[in-house]
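Once you've looked at the hints, dock chain B against the given chain A.
Each protein sequence line maps, in turn, to chains A and B. Going by our numbering, the first sequence opens with residue 1, and the numbers climb by one from there. Going by our numbering, the second sequence opens with residue 1, and the numbers climb by one from there.
Simulated from the structure, these hints should not be mistaken for lab results. Some clues are possibly wrong.
Claimed, not checked - Each pair of labels, with its calculated beta carbon distance range:
hint: 1; chain 1: B; residue 1: 49; chain 2: A; residue 2: 72; range: 28 to 34 Å
hint: 2; chain 1: A; residue 1: 74; chain 2: B; residue 2: 22; range: 35 to 41 Å
hint: 3; chain 1: A; residue 1: 112; chain 2: B; residue 2: 22; range: 30 to 36 Å
hint: 4; chain 1: B; residue 1: 43; chain 2: A; residue 2: 135; range: 57 to 63 Å
hint: 5; chain 1: B; residue 1: 296; chain 2: A; residue 2: 74; range: 18 to 24 Å
hint: 6; chain 1: A; residue 1: 74; chain 2: B; residue 2: 6; range: 31 to 37 Å
hint: 7; chain 1: A; residue 1: 112; chain 2: B; residue 2: 296; range: 26 to 32 Å
hint: 8; chain 1: A; residue 1: 8; chain 2: B; residue 2: 300; range: 57 to 63 Å
hint: 9; chain 1: A; residue 1: 183; chain 2: B; residue 2: 206; range: 32 to 38 Å
hint: 10; chain 1: B; residue 1: 206; chain 2: A; residue 2: 172; range: 32 to 38 Å
hint: 11; chain 1: B; residue 1: 297; chain 2: A; residue 2: 74; range: 47 to 53 Å
hint: 12; chain 1: B; residue 1: 172; chain 2: A; residue 2: 74; range: 56 to 62 Å
From the three backbone atoms N, C-alpha and C, an ideal C-beta is built for every residue, glycine too.
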Amino acid sequence: MIRFDNVSKSYPKQNRPALRDVSLEVEKGEFVFLVGSSGSGKSTFLRLLLREERASQGQVHVLGKDLARLSNWKVPHMRRQLGTVFQDFRLLPNKTVAQNVAFAQEVIGKPRGEIRKAVPQVLDLVGLGGKEDRMPGELSGGEQQRVAIARAFVNRPMLLIADEPTGNLDPQTSVGIMKLLDRINRTGTTVVMATHDQNIVDQMRKRVIELEKGRLVRDQARGVYGYQH
Amino acid sequence: MRAQFVLSEIGVGLRRNLTMTFAVIVSVALSLALFGGALLMREQVSTMKDYWYDKVNVSIYLCNKADAATAGKCPKGAVTGQQKEQIQADLEKMDIVETVHYETSDEAYKHYKEQYGDTALASVVTPDQMPSSFRVKLKDPEKYQVVATAFAGRDGVESVQDQRNILQNLFDLMNGMNIAALGVMGLMLVIALMLIVNTVRVSAFSRRRETGIMRLVGASSFYIQMPFIMEAAFAGLLGGGVACVLLLVGRYFLIDHGIALADKVQLIQFIGWDAVFAKLPLVIAIGLLMPALAALVALRKYLKV
Chain A
1 MIRFDNVSKS YPKQNRPALR DVSLEVEKGE FVFLVGSSGS GKSTFLRLLL REERASQGQV
61 HVLGKDLARL SNWKVPHMRR QLGTVFQDFR LLPNKTVAQN VAFAQEVIGK PRGEIRKAVP
121 QVLDLVGLGG KEDRMPGELS GGEQQRVAIA RAFVNRPMLL IADEPTGNLD PQTSVGIMKL
181 LDRINRTGTT VVMATHDQNI VDQMRKRVIE LEKGRLVRDQ ARGVYGYQH
Chain B
1 MRAQFVLSEI GVGLRRNLTM TFAVIVSVAL SLALFGGALL MREQVSTMKD YWYDKVNVSI
61 YLCNKADAAT AGKCPKGAVT GQQKEQIQAD LEKMDIVETV HYETSDEAYK HYKEQYGDTA
121 LASVVTPDQM PSSFRVKLKD PEKYQVVATA FAGRDGVESV QDQRNILQNL FDLMNGMNIA
181 ALGVMGLMLV IALMLIVNTV RVSAFSRRRE TGIMRLVGAS SFYIQMPFIM EAAFAGLLGG
241 GVACVLLLVG RYFLIDHGIA LADKVQLIQF IGWDAVFAKL PLVIAIGLLM PALAALVALR
301 KYLKV
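For reference, chain A alone in the conformation it holds in the complex:
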């Protein structure tokens, strides 16, 4: 599903590389936490997965494709097999819940009939059945994140990438979101989640990958958040 071979990434005008010689593999269906303090390279790691950036050295394989050799015009097709969720939800404030989810299908040219069927289905899955016509501003943070997850999942991606999805939520709401992500994981979707949330990582007991100053310092099956972080 994901393979990093000796991947380094440095940005221009920065002496220290954001990632240094990272090698790892994530199998299909895994649930992986990506932990590390700010500036440890988590965001860069996720950006490489989405091919927002290209590796400076080494190879990144996602869904069996070498991203360095993927031509620009093929990138959109690759991204259709990925779902992304962010800390700040990134919903369109002037569209309803259902329209926000449908947007992800409209812009890749899905037929209307398919959209009409898929949107209520996925909204039921994330527990927002009956709130189709609400505006994002009328929803709680947790509900907004569920809309974002529905949008990320409506195209049935192989891989779900979540960048601190619980960062803006209280602990109780976070637990609900984690249960949802776990359920999505059980449908066979691989989940990679960057997080600072110690409780969640400790509770879930999933694989933990820790980055520190761009280096991979820990890769632990059924791990915990860490000691001094």
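Same frame as chain A, but now just chain B:
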């Protein structure tokens, strides 16, 4: 479905940015109207050239008795019958000459009288004072110089005159106006393009949430850029339409009505409606494509895809 989605996005984009869209339409309209006007002016000059060059001759004026007495141009005296015949024979031998017409002093006097009538000047002129001349029509009016070098300074020839010189000033003036129009057009075009680039930038900024999400869910770059390009093309199309109307109204008022040049200047043959209509598709096409292209270039800079 796709088309409907794209259309609604364009509508939203144009309304959000109404003043800028209006500015784009006006500047595109003005630059294209000037462009079309310059094209028509050029066509006008060329029809006038065709019309007039057909009528004008190279004139070889022969020395008469009066010239011999006064000016230094005819030191050998008035033209003799033999010289006259020789000139005519030489002219007819030249390949570039189409016809040669001999105008006697009496005929010249008659034409002069017709032109100036009973003015004081006309009454003192006598047939003797009018030079006889050969009116030479050339196959290619541009070859005037060949005739001039062959006959100027020859015994019995007073001067060789190309009547085109008189028209040339007029054509130069019209060409000058043409260049000025093209210059203003260029300026307006630059303004139009800068406005389009700016419109696209503002539009890309205000839609950055949408485009960001589109990128993440894997919309093709074509799909993401489409609404921006269509917005610019639509505004450009409206501008092109306005330019067409300006051209038609312009011809109507300048030539047929209003200023009505056709009535006032009857010597000139003006371009017809067909010439104006022939330019409209080009104006529309440029109005459509140029802003779209400008938008595409602007998107490369302001929209990450």
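Evaluated hints:
no. : hint                           : in the structure
1   : 49(B) with 72(A): 28 to 34 Å   : 53 Å, violated
2   : 74(A) with 22(B): 35 to 41 Å   : 40 Å, holds
3   : 112(A) with 22(B): 30 to 36 Å  : 34 Å, holds
4   : 43(B) with 135(A): 57 to 63 Å  : 59 Å, holds
5   : 296(B) with 74(A): 18 to 24 Å  : 20 Å, holds
6   : 74(A) with 6(B): 31 to 37 Å    : 23 Å, violated
7   : 112(A) with 296(B): 26 to 32 Å : 29 Å, holds
8   : 8(A) with 300(B): 57 to 63 Å   : 29 Å, violated
9   : 183(A) with 206(B): 32 to 38 Å : 37 Å, holds
10  : 206(B) with 172(A): 32 to 38 Å : 36 Å, holds
11  : 297(B) with 74(A): 47 to 53 Å  : 23 Å, violated
12  : 172(B) with 74(A): 56 to 62 Å  : 59 Å, holds
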